[in-house]
Amino acid sequence: MTMAVSTTTNPVAAQVLADVRSEAPISIASASTGSFAPGDVTSFSPDSLLAYCQGRLGDLDTQINTAMNQQNDGIKERQAIQQAISAMSQFNPGGPQTADQMQTCVSAVNTALQSFPPGDPEGTQLQNALQQMESDYQYVAPGTLSQAQQQQLDALQADPSTDPLFAQSTITMLQGLKESGQLGSKPTSDQWTATTSSFTNVSSDIQSQSEIGFLQMQDLVSQRQQAIELSTGLMNKVDQTLEDQAKAVGQ
Amino acid sequence: MAKPTTTLADIERVLSAQDADLQAAHRALVARVGGAGTISVPQASLDRIADASHVVSARALFGAIRC
Chain A
8 MTMAVSTTTN PVAAQVLADV RSEAPISIAS ASTGSFAPGD VTSFSPDSLL
58 AYCQGRLGDL DTQINTAMNQ QNDGIKERQA IQQAISAMSQ FNPGGPQTAD
108 QMQTCVSAVN TALQSFPPGD PEGTQLQNAL QQMESDYQYV APGTLSQAQQ
158 QQLDALQADP STDPLFAQST ITMLQGLKES GQLGSKPTSD QWTATTSSFT
208 NVSSDIQSQS EIGFLQMQDL VSQRQQAIEL STGLMNKVDQ TLEDQAKAVG
258 Q
Chain B
167 MAKPTTTLAD IERVLSAQDA DLQAAHRALV ARVGGAGTIS VPQASLDRIA
217 DASHVVSARA LFGAIRC
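The listed protein sequences derive, respectively, from chains A and B. For the first sequence, the numbering used here begins at 8 and goes up steadily by one. For the second sequence, the numbering used here begins at 167 and goes up steadily by one.
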């Protein structure tokens with residue numbers, strides 16, 4: 008975002024800007040006044056006055072920048088969730104019916120989660136929705152077996168002699184599960200609709216937060232406008248005063 | 167709640183216009199008094215500018231807490 012006018016190279020103005028940012032008393036008060044008090048008049052160069060105005064706008068600019076970044080983050084997060092929902096919706100209306108299909112959905116959500124910073128509330132909400140989906144459909148990702156299955160596989164591999172035919176077929180089955188994952192409970196259409204809705208809700212929540220944030224940002228920009236108008240009004244007024252004085256001298 | 171019809175690009179344009187206004191006023195002032203010239207500014211005017219910024223900060227903070 009373009010923010011405020013460029014910093015001046017005038018050393019006095021730079022000092023004013025530094026003073027304003029550090030909340031220290033402004034050091035270029037006229038020698039006659041020394042420090043500020045109601046009714047004081049202070050001498051400024053144009054650059055110093057500009058620097059003062061810029062410095063005072065600093066807090067506003069910081070807040071507007073923060074709000075702007077939050078808006079952009081919200082857009083990215085919503086896009087990421089929409090991509091995940093799009094990947095999931097290819098299995099509509101009945102939802103994924105194989106472990107491979109469920110893996111596609113899980114991977115899509117995990118990709119979306121990468122767009123959220125650690126500790127983000129909506130990221131946590133999305134993570135919870137993912138865990139709920141895995142739990143509802145008893146999905147086990149490739150590369151893992153349940154504890155009981157793993158124990159059975161270990162036992163059969165250690166001693167397949169009792170019933171070699173059964174052992175071999177079971178080992179093959181368990182290794183297949185381990186390679187491609189498991190989908191213990193296939194979703195029905197209604198269940199899958201509810202699942203996808205839980206992800207849509209996260210996106211809606213982010214959008215609601217963004218709308219509130221946007222209104223606050225508009226408020227900040229509006230207030231900045233007031234500060235700018237005061238600053239430009241002051242400069243123009245001084246400018247006009249000088250012109251009036253020149254005219255008076257000429258008369 | 168009514169959805170905002172303004173976009174982020176609109177906000178950026180407003181901010182740029184605000185900055186341009188400030189720069190224009192500054193240039194006009196420099197043209198009058200020169201870069202090394204000085205002008206007398208009432209402290210009350212400076213206070214009003216400071217107040218405008220601080221009021222906004224407080225309002226924004228209040229808004230953030232309320233939400």
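Simulated from the structure, these hints should not be mistaken for laboratory data. Glycine residues also receive a C-beta, built at the ideal position from the N, C-alpha and C atoms. Each hint should be verified, as a subset may be incorrect.
Think about it this way: if two alpha-carbon atoms lie no more than 25 Å apart in a straight line, the pair counts; the simulated SDA-like pairs of lysine to any residue are [claimed, not checked]:
no., chain 1, residue 1, chain 2, residue 2
1, A, Lys-244, B, Asp-176
2, A, Lys-244, B, Thr-173
3, A, Lys-83, B, Asp-176
4, A, Lys-185, A, Ser-211
5, A, Lys-185, A, Thr-111
6, A, Lys-193, A, Gln-156
7, A, Lys-244, B, Ser-211
8, A, Lys-83, B, Ala-190
9, A, Lys-185, A, Asp-226
10, A, Lys-244, B, Ala-194
11, A, Lys-244, B, Arg-198
12, A, Lys-185, A, Ala-162
13, A, Lys-83, A, Ser-187
14, A, Lys-244, B, Asp-217
15, A, Lys-193, A, Val-147
Covered stretches of chain B (chain A as the covering partner; in silico rule of three or more C-beta atoms under 8 Å from a C-beta of chain A) [said to hold, decoys possible]:
no., segment
16, 173-183
17, 187-195
18, 205-215
Here are a few chain A residues that face chain B, going by a calculated C-beta distance under 10 Å [as the list claims (entries may be wrong)]:
no., residue
19, Ser-55
20, Arg-63
21, Leu-67
22, Asp-68
23, Ile-71
24, Ala-74
25, Met-75
26, Leu-152
27, Lys-185
28, Gln-225
29, Val-228
30, Gln-232
31, Ile-235
32, Thr-239
33, Leu-241
A quick look at each hint next to the structure:
1. At roughly 29 Å between alpha-carbon atoms, A/Lys-244 and B/Asp-176 are farther apart than 25 Å, so this suggested pair is violated.
2. Taking the CA atoms of A/Lys-244 and B/Thr-173, the gap is about 34 Å. The hint is violated against a cut of 25 Å.
3. A C-alpha spacing of about 19 Å is found between A/Lys-83 and B/Asp-176, which places the hinted pair at or below 25 Å, so the restraint holds.
4. Under the criterion of a C-alpha separation no larger than 25 Å, the hint pairing A/Lys-185 with A/Ser-211 is inconsistent with the structure, at around 36 Å.
5. Proximity of A/Lys-185 to A/Thr-111 is assessed by CA-CA distance (about 16 Å); at most 25 Å being required, the pair is judged to hold.
6. Note on A/Lys-193 and A/Gln-156: the hinted pairing holds, with a Cα-Cα distance of about 20 Å set against a maximum of 25 Å.
7. Proposed proximity of A/Lys-244 and B/Ser-211 is supported: the alpha carbons are some 11 Å apart, at most 25 Å.
8. For a cut-off of 25 Å, the pair hint linking A/Lys-83 to B/Ala-190 is broken: about 36 Å separates their Cα positions.
9. Between the alpha carbons of A/Lys-185 and A/Asp-226 the distance comes to roughly 56 Å, so the proposed pair goes past 25 Å and is violated.
10. For the suggested pair A/Lys-244 and B/Ala-194, the alpha carbons sit about 11 Å apart, so the restraint of at most 25 Å is met.
11. With a C-alpha separation of about 12 Å, the suggested pair A/Lys-244 and B/Arg-198 falls inside the 25 Å cut-off, and the hint holds.
12. Restraint check: the Cα-Cα separation between A/Lys-185 and A/Ala-162 comes to about 16 Å, which is no more than 25 Å; the hinted pair holds.
13. A C-alpha spacing of about 31 Å is found between A/Lys-83 and A/Ser-187, which places the hinted pair above 25 Å, so the restraint is violated.
14. Pair hint A/Lys-244 plus B/Asp-217 holds up; C-alpha atoms about 19 Å apart against a cutoff of 25 Å.
15. For the suggested pair A/Lys-193 and A/Val-147, the alpha carbons sit about 13 Å apart, so the restraint of at most 25 Å is met.
16. For the segment 173-183 of chain B, the stated coverage by chain A is satisfied: 6 residues place a CB nearer than 8 Å to a CB of that chain, which reaches the threshold of 3.
17. Three residues within the 8 Å Cβ limit are the bar, and the segment 187-195 of chain B against chain A gives 8, so the coverage statement holds.
18. Only when three residues or more bring their CB closer than 8 Å to a CB of chain A does the claim for the segment 205-215 of chain B stand; here the count is 10, and the claim holds.
19. The restraint placing A/Ser-55 at the interface with chain B holds, with a minimum CB-CB distance near 8 Å, inside the 10 Å limit.
20. For A/Arg-63, the interface hint holds, the least distance from its beta-carbon to any beta-carbon of chain B being 5 Å, beneath 10 Å.
21. Proximity of A/Leu-67 to chain B holds as hinted, the smallest CB-CB distance being about 5 Å (cut-off 10 Å).
22. Interface restraint check for A/Asp-68: the shortest CB-CB distance to chain B comes to about 8 Å, inside 10 Å, so the restraint holds.
23. This hint holds: A/Ile-71 has a C-beta 7 Å from the nearest C-beta of chain B, less than the 10 Å allowed.
24. With 10 Å as the threshold, the beta carbon of A/Ala-74 comes within range of chain B, its nearest partner Cβ sitting at about 8 Å, so the hint holds.
25. The restraint placing A/Met-75 at the interface with chain B holds, with a minimum CB-CB distance near 7 Å, inside the 10 Å limit.
26. Interface hint at A/Leu-152: violated, since its Cβ lies 46 Å from the closest Cβ of chain B, which is beyond the 10 Å cut-off.
27. For the restraint placing A/Lys-185 at the interface with chain B, the shortest Cβ-Cβ distance is roughly 47 Å, beyond the 10 Å limit, so the hint is violated.
28. The interface hint given for A/Gln-225 is met, as the beta carbon of that residue sits about 6 Å from the closest beta carbon of chain B, less than 10 Å.
29. Restraint check, A/Val-228 versus chain B: the minimum CB separation of about 6 Å is within 10 Å; hint holds.
30. Because the closest C-beta pair between A/Gln-232 and chain B is about 6 Å apart, less than 10 Å, the hint holds.
31. The interface hint given for A/Ile-235 holds, since its Cβ lies 5 Å from the closest Cβ of chain B, which is under the 10 Å cut-off.
32. Interface hint status for A/Thr-239: upheld, as the beta-carbon distance to the closest one in chain B is roughly 4 Å, under 10 Å.
33. A distance limit of 10 Å between C-beta atoms decides the matter here; for A/Leu-241 the minimum to chain B is near 5 Å, and the interface restraint holds.
In the structure shown, a violation is registered for the earlier hints numbered 1, 2, 4, 8, 9, 13, 26, 27, in ascending order.
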